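Undergrad: For the record, the sequence lines run as chains A and B. Just so you know, the first sequence maps onto residues 4 to 338 in the working numbering. Just so you know, the second sequence maps onto residues 513 to 854 in the working numbering.
Rather than coming from a laboratory, the hints here were simulated on the basis of the structure. Nothing here was measured: the structure is a model prediction, and the numbers come from that model. Take the hints with a grain of salt, since some may be wrong.
Said to hold, decoys possible - List of simulated lysine to any residue pairs, SDA-like, C-alpha gap at most 25 Å:
hint : chain 1 : residue 1 : chain 2 : residue 2
1    : B       : K778      : A       : L15
2    : B       : K594      : A       : L15
3    : B       : K778      : A       : G184
4    : B       : K733      : B       : K778
5    : B       : K778      : A       : G71
6    : B       : K594      : A       : G184
7    : B       : K730      : B       : W668
8    : B       : K778      : A       : D24
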Amino acid sequence: MPECTFGRAIDLAIEHAMARDATIVLIGEDVPMLRAPLVARFGTGRVLAAPISEAAFLGAAAGAAMGGLRPVVELYMVDFIGVGLDAVLNHMAKLDTFSGGGWRCPVLIRAPSGGGYGDGGQHGQSLWGMLAAIPGLTVVVPSTPADAYGLTATALGHDGPVVLFESKLLSAEWLEFLGRGARDSVTFDVPPAGARGAVEPGATVPLGQAAVRRQGGDLTIAAVAVGVHRALEAADRLAAKGIECEVIDLRSLRPLDRRTVVESVRRTSRLLVADEDYVAYGLAGELAAVALEAGLTPRYARVCLEDTLPYARHLEAAALPNVERIIAAALRLTD
Amino acid sequence: MHPDLYRQMLRARAYEVAVADLWRRGLISGEMHLGTGEEAVAAGVVTHLRDGDGLALAHRCSPPLVVRGVPLVRMLRELLGKPDGLGHGRAGHMHLFSREHLAGSSGVVGASLPMGAGLALAASRLRPRRIAVAFTGDGALNQGMALETLNLAVAWNLPLLVVCIDNRWAIATRSADVSGGEPGERAAAFGWQTARVDGRDVLAVHAAAQTLIGRLRKGRKPAFLLATCPRLDGHFLGDPMLRMARQPLTDGRELLGEVAGAATRKGGDLLRRVGGVLRMTRLLVQARAGAERDGRGDPLQQARDAMARDPEVRDRIEHEVHDEIASALEAALIDTPGGVDA
Chain A
4 MPECTFGRAI DLAIEHAMAR DATIVLIGED VPMLRAPLVA RFGTGRVLAA PISEAAFLGA
64 AAGAAMGGLR PVVELYMVDF IGVGLDAVLN HMAKLDTFSG GGWRCPVLIR APSGGGYGDG
124 GQHGQSLWGM LAAIPGLTVV VPSTPADAYG LTATALGHDG PVVLFESKLL SAEWLEFLGR
184 GARDSVTFDV PPAGARGAVE PGATVPLGQA AVRRQGGDLT IAAVAVGVHR ALEAADRLAA
244 KGIECEVIDL RSLRPLDRRT VVESVRRTSR LLVADEDYVA YGLAGELAAV ALEAGLTPRY
304 ARVCLEDTLP YARHLEAAAL PNVERIIAAA LRLTD
Chain B
513 MHPDLYRQML RARAYEVAVA DLWRRGLISG EMHLGTGEEA VAAGVVTHLR DGDGLALAHR
573 CSPPLVVRGV PLVRMLRELL GKPDGLGHGR AGHMHLFSRE HLAGSSGVVG ASLPMGAGLA
633 LAASRLRPRR IAVAFTGDGA LNQGMALETL NLAVAWNLPL LVVCIDNRWA IATRSADVSG
693 GEPGERAAAF GWQTARVDGR DVLAVHAAAQ TLIGRLRKGR KPAFLLATCP RLDGHFLGDP
753 MLRMARQPLT DGRELLGEVA GAATRKGGDL LRRVGGVLRM TRLLVQARAG AERDGRGDPL
813 QQARDAMARD PEVRDRIEHE VHDEIASALE AALIDTPGGV DA
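Extracted from the complex, chain B is given alone in its bound form (with noise of 0.2 Å):
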């Protein structure tokens, strides 16, 4: 194990942990949606960008924005709405944009691969051996414009990687029961080179990532990169779905009541109706299992068990990735009633 790979892990996943309890406290508002469980994947690939490489986010942009070493006091400043943010406040978490490093977000899902695509073009042009990555989710891929930029860019030659992590899930829907086929397949058959990786497992993700953007700087064609992993923290913090899921007679007796009492009115076709239930009754134990924090499922627990041989390196590196995020958050706070401590 890399220690800096893990380094890179635990960043993103403290920085994470940290903004949970800063939206618990009100402190950030609208959806927030968290990157955890992804952890493997910003490192494995992030930590091969260099200046002047593009990099285009969705909706779940923060650990590749930690890994890529965006200020982290500017980045929960701007989840604060402060004025100092990212964005002077005016953005958001879904809209955290770094022009220094070529970084930029959206929420609108699917629109990171057109933009990955401009930024490789950019690139081209201009940046010799310079590339773009651009980061999607399996449920993105069934947008136009995702579609349409995996023929462009190779109609184009663009230095561009997408690396699609594959979550399983399209918001609260389950993926395969929207889709058509698989990614890195879809991929292939426009021409692109591909590759799939365990998405928790930061050193095949690393070796994976190296190849193709290696590849890449040379001149060859546009690379995908599948990547699975989980997704912890469901699709934002406070997802309805998951609460239900975990406490299903508190949290989900409101629904329960009203699927139930439509189920009793007179409507559709009766095998239809049941089967729609049970596919809830489905997308409901599937959200508990795939927020699954502990054991095997979590890829930053798979590192630091990887890390078990050099316990004081992987103990050092703690300290201070736990340095690191309180004194940012400390300096975030600054002008918060209460500061860390409220």
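So here's chain A without its partners, still in its complex pose (with noise of 0.2 Å):
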């Protein structure tokens, strides 16, 4: 299996999804010279610029998926979908409702979300939580390549609108761009395992199921992401301690694997999420009511973004979900 980066594994499950289905197409600001290969190989009639113009390109990549194309459309960054959330909220979200279930809107809207890069809150901000909450919607938050891969793929295939986060502290390509700049005096804490990884072409991972990506009997802890790849690091030194955790990559938030998740919680009765979207009203909140409707009543705790990402860079690692506040939640969890 060939290694890549976790946004090439994403750009390849986009390319051979093109290469297979003549109505995909590609929207977005500066594709033609973000993802140029593509252009090269599809051309200007299925890779097609956007201006600076969400609500209008999100609107129309709609109507195109009524009409029997496949969006595929690219924000510079979650935060930006502010800009033209009616057309997710209110259009694609609904059409297979008022439709009377007959009228599908296959979009796939990818997202690249999340800090850990000096970006401000305007551009840091994870905000899964809230567009998961909108019935209609389908949300995915891979964590490595494999499954950014068979995410993306899956989604390419489902007949309603997806919106697929790409970390961009796992992206490479992203970090370059918006954080790096050719300099070599900035750092990043990158998570290797999430960055790089395995891809298996035409492999695809199913929405809704989680994998469990450590075993272990005292606690769960549920993350997404980059918070994954924090949870299992926090995971390798409580266990130093004696705490045995089992971590949760829920992959997918709408549809939500609520059996993974109870039966980790019946067996380890405490749950805590590790999540870089807000605290309040949002995943952690959901998980505790995924298992409070189960009849389970874990110790829970979360460990969330509290507050608007700082920029400065100190402010903002430790304002994000990092290894030291997991461990510091799961000591007061498992005292």
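Both chains are sitting in their own frames, so use the hints and assemble them into the complex.
TA: Put into structure tokens, the structure is as follows:
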């Protein structure tokens, strides 16, 4: 199996799908430059440069999907979905219901997300909780190149709208473009297993199926994206203290693999959520509800983003769900 | 040439040159969009502002803030992520705000227009004869919120001046490739009073802004100033397109390899593929041409030439600005290992 970067894995899945399915078109700002190889292979008729008009090109993607195309829409960052949220919230996500189930809206939104490179609170948000709250949307958040490829491939065969989160900290291409800019004078805390890995062409990952990345009986840690790698590092260190963590990579937030979470929490009686998204009204609270609805009353903690992501690198590192914060919360749950 | 206009342009440029150095040293994180090339527009417009006027800015916000008189040390401290920066180190360079100057900025393209409209509304209710100025770019005028503001400001007859800095780019795409019509014509169609100037010519900008702002203070309808100027440092520092354009054989090698590989694989319509590759090549040529700093393209050089008749004043201004920026840098780097000399 060839190795590649996280971002390249998504590119590959899109290229493979475009070669197979002539109805897939790619839309986004600067895509002729950012995705030049796709222009060279598929031409400007299928790789469309968009003006800086998120509301229009997201809305047009919804319409194009209604008309028979399968648009892939690239946002520069998920933060900018705010500009065009109506298309996602009120149109893509509603078509299935409003048409009585006969008309689907197959749009894939590729949304770079997250902080860790000091770009400030308007360019480092995660927002998957907000989006996963919307019925009719599918939301996937890979943490490895293999899952990035597999979930993208699955999404491109799915008949409804999908938001694919691409953590910029895992994506070497974005990190170079937005963070490093050919400098040697900056460093980033990149989890190596998330940034580069084996990818099997053609392999898909099913929606709504979590992956247990580490087994343990004392504490369940649920996470996505960069949070998975932070949780695994924390679990290594906690094992040295005699605490065995089970680390669940949710991979897909809507649909959510409730069963894997519930079965784990039933055994450990402790649930910790490590989430780079905002703490309130999001994934962390949702998982608590999942446990309660299953009749479980685990000890519970959440390590999330508490406030607007700060710009200064040291403040940002402290605000993100880092290994130290996860360990501290785990120790409180297991004391 | 009015000496103060030259001074303000020089301050804006010297500030950005200092920022670029801090960025290269790794002391500034994330994207850093310089306003080099926009100094004549900033100086020509912002020197007309008074206390109580609002200022709405985009991600290339430094030149107007420098000219507006926002303390340089506090701006630099923000970029360095320090607790005594403008935003206490929590905001960053795209998000500089100074309540004292009624000045705000945004990293969301297009957002300065509605922000400016709101500042203008507040001025019209609370501060007679005060106005708001929104700086934006040609690429941003394709945002819905920008186009909606072109209507809203007329509907409410707001004292708003929109300064559209036309550098022909929408991030890494040529504006013309993704735009219909021309920015000034769009505004005129909504009923704005419009003017167009060479944004490298500070006197022309200053005169045009004086006329438009003067009318706004008397209650005339919103005004739109289109100013063309170069983008000297690409979209942001480290812009890969600019690097590729300047050194295609080293910085462009990987991408060119990928493009060549993709071009040989089975794919779409041949004409569309060739057309796309040609367009990319043209982009690189244009990126390089737009970033030529020497000669007639640089507004600062033009202003300096215009000062040649008064070399003593020019030299004094240059010394004073040099000292001002140097001491601001020194103060900003007081707790940075190595300070200004690292």
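Undergrad: For every hint, state whether the structure bears it out.
TA: Hint check results:
A hinted pair counts as satisfied when its Cα atoms are at most 25 Å apart, and K778 of chain B with L15 of chain A qualifies at roughly 15 Å. Note on K594 of chain B and L15 of chain A: the hinted pairing is violated, with a Cα-Cα distance of about 41 Å set against a maximum of 25 Å. For a cut-off of 25 Å, the pair hint linking K778 of chain B to G184 of chain A is broken: about 33 Å separates their Cα positions. A distance of roughly 56 Å separates the Cα atoms of K733 of chain B and K778 of chain B; the hinted pair therefore is violated under the 25 Å criterion.
Restraint check: the Cα-Cα separation between K778 of chain B and G71 of chain A comes to about 23 Å, which is no more than 25 Å; the hinted pair holds. Of the pairs offered as hints, the one joining K594 of chain B and G184 of chain A holds, with about 22 Å between alpha carbons and a cut-off of 25 Å not exceeded. Using a Cα cut-off of 25 Å, the hinted pair K730 of chain B and W668 of chain B holds, with the two alpha carbons roughly 15 Å apart. With a CA separation close to 13 Å, the supplied pair K778 of chain B and D24 of chain A stays within the 25 Å bound.
Hints 2, 3, 4 from the list above are not met by this structure, while the remaining hints are.
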